[in-house]
Amino acid sequence: MPIPAPTGPLVTRDSLTAELYALGVVPGEILLVHSSLSSLGWVCGGPVTVVRGLLDALGPDGTLVVPTQSGDLSDPALWSNPPVPAQWWDRIRATMPVYDPRTTPALGVGVVPETVRTWPGAVRSAHPQTSFAALGARAAELTEGHAPDCRLGEHSPLARLEKAGARVLLLGTGYDTCTSFHLAEYRIPAPLVEVGRPGPDGTWEVMTEVSIDSDRFDELGHDFERDRDVVRGRVGAADARLFTVAEAVAYAERWLPLHRSREDEI
1 MPIPAPTGPL
11 VTRDSLTAEL
21 YALGVVPGEI
31 LLVHSSLSSL
41 GWVCGGPVTV
51 VRGLLDALGP
61 DGTLVVPTQS
71 GDLSDPALWS
81 NPPVPAQWWD
91 RIRATMPVYD
101 PRTTPALGVG
111 VVPETVRTWP
121 GAVRSAHPQT
131 SFAALGARAA
141 ELTEGHAPDC
151 RLGEHSPLAR
161 LEKAGARVLL
171 LGTGYDTCTS
181 FHLAEYRIPA
191 PLVEVGRPGP
201 DGTWEVMTEV
211 SIDSDRFDEL
221 GHDFERDRDV
231 VRGRVGAADA
241 RLFTVAEAVA
251 YAERWLPLHR
261 SREDEI
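Sequential numbering of the sequence shown, starting at 1, is according to the UniProt record's numbering.
Be a bit skeptical, because a hint or two may be false.
Here are the simulated lysine to aspartate or glutamate pairs, EDC-like style, with alpha carbons at most 20 Å apart [stated by the list, open to error]:
1) Lys163 with Glu253
2) Lys163 with Glu247
3) Lys163 with Glu29
4) Lys163 with Asp61
5) Lys163 with Glu141
6) Lys163 with Glu144
No lab work stands behind these hints: they were computed from the structure. Note that the structure is a prediction, hence the values are computed from the model and not measured.
Sequences and hints are given; from them, build the entire structure.
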């Protein structure tokens, strides 16, 4: 069976950089990028071209940050997509590899973050489940000090990005990928949960953490975009959105208690 011809548009390093500038990306800024390679069209050079285009747009004084989560380093009893047999759980916990920022692959965030993670000069934060990787002038500053008991809160890169005036670029993804909203969950009354994972010495450890839940982030993002100045445009075939981390967090801090409390009353 013949392979179908690729559909466009054709995206190149130069065209990507030009369209990022047209969207409003500014050289020298800090950009937290959530991306979908397939949404862009036919990219000549694949994820490497996307990373190069982003770095070109940011310039030598800018910083590119991406989520490099590794949610597979978690309790197999909670896995559902797919689940594993209960009789395997103890053995999986005993043999699960320890997190290593140099070698643990990113999972579930797309191929562009994994390309950033392995890029020469990239640095990565220390949390074994919700790390971020960065390239550029302020990469080390933004990723250092990620506390082991703070997935996406005050002692994570998200809080540093907020303070540094970073912006979020949703490149072909929806608000369900917007990790900045999770920082708001740490600033409102939220339940605590026990989070299991392999510890640094290879033994299984359980941390008490703030519960994080992105199930209603699309709805939250819809209201945020309605009420705040979100830059919208196209990069290749992808819908793109650009906004500050600080505005997203502040809006979510007000939105989440109201809507989640209503849901609880039902």
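Going through the hints against the structure:
1. For the suggested pair lysine 163 and glutamate 253, the alpha carbons sit about 16 Å apart, so the restraint of at most 20 Å is met.
2. Of the supplied pair hints, the one linking lysine 163 and glutamate 247 holds, its CA atoms being roughly 11 Å apart against a limit of 20 Å.
3. For the hint pairing lysine 163 with glutamate 29, the CA-to-CA distance comes to about 13 Å; that is within 20 Å, so the pair holds.
4. In summary, the hint linking lysine 163 to aspartate 61 is supported, as the alpha carbons are separated by about 17 Å, within the 20 Å threshold.
5. Taking the CA atoms of lysine 163 and glutamate 141, the gap is near 12 Å; set against the 20 Å cutoff, the hint holds.
6. As the CA atoms of lysine 163 and glutamate 144 are separated by approximately 14 Å, the hinted pair is consistent with the 20 Å bound.
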